[in-house]
Amino acid sequence: SQQGEEDPQALSIQEGENATMNCSYKTSINNLQWYRQNSGRGLVHLILIRSNEREKHSGRLRVTLDTSKKSSSLLITASRAADTASYFCATDAGAGGTSYGKLTFGQGTILTVHP
Amino acid sequence: SAVISQKPSRDICQRGTSLTIQCQVDSQVTMMFWYRQQPGQSLTLIATANQGSEATYESGFVIDKFPISRPNLTFSTLTVSNMSPEDSSIYLCSVVQGPYYEQYFGPGTRLTVT
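Protein chains in written order, with the numbering used here: chain A, 1 to 115; chain B, 1 to 114.
Each hint can be trusted.
Derived Cβ-Cβ restraints for the label pairs, each shown as a range:
no., chain 1, residue 1, chain 2, residue 2, range
1, A, Arg50, B, Pro107, 21 to 29 Å
2, B, Cys13, A, Asn52, 40 to 48 Å
3, B, Val62, A, Gly16, 47 to 55 Å
4, B, Thr56, A, Ser68, 29 to 37 Å
5, B, Thr17, A, Ser51, 39 to 47 Å
Calculated lysine-lysine pairs in the DSBU-like style (CA-CA distance at most 35 Å, straight line):
no., chain 1, residue 1, chain 2, residue 2
6, B, Lys65, A, Lys26
7, A, Lys102, A, Lys69
8, A, Lys102, B, Lys7
9, B, Lys65, A, Lys102
10, A, Lys26, A, Lys102
11, A, Lys56, A, Lys70
12, A, Lys70, A, Lys26
13, B, Lys7, B, Lys65
14, A, Lys102, A, Lys70
Simulated from the structure, these hints should not be mistaken for lab results. Idealized CB from N, CA, C, for every residue including glycine.
So here's chain A without its partners, still in its complex pose (with noise of 0.2 Å):
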């Protein structure tokens, strides 16, 4: 079954506006990670937040983890026109090994940002 429930599934917003997208999951995770697809092509790997930590920066990106909620969420501050993707939460439930790395995939949130 689909792990991961994103929030929005789409999203529209003008440029320098904030984007903040949601990831709810159901099974404790060894770790979250948000990645980035533009139209369809390969995927970018944003940032990894461990289920022992509560909040990661990247640049723009800033990524909460709440394992009591079994949620996370991505906000991507003064937004750009070339952010304009879709944006993905997977979550690794590995507990130990190589049981580690099969992912599970949210739904997406298409993002659009208007110029």
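Guided by the hints, dock chain B onto chain A, whose structure is given.
Using the frame of chain A, we list chain B on its own:
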């Protein structure tokens, strides 16, 4: 992070035929995976490509339909066999690197079956 390439980048194939997709990594990696992304959908894990042993398939995917080879730590192939239009998807390989199991993806192979 590893540089991952896939061949072909896209293909249009006839129903009933097979296509082999190659995935090449510029460094040795232990963990390599294959995913499928159906049109307008998210990604689903097909299998773990194990070096020196058979691939491990996820529920709903079988070796006869998606045979996988992993001859060494930098290369893997996925074959989509006896294709039908329902197999039209983007197929992506990925590798895990780093102490926290960051996963990186290749550019994908866009397959259309007519």
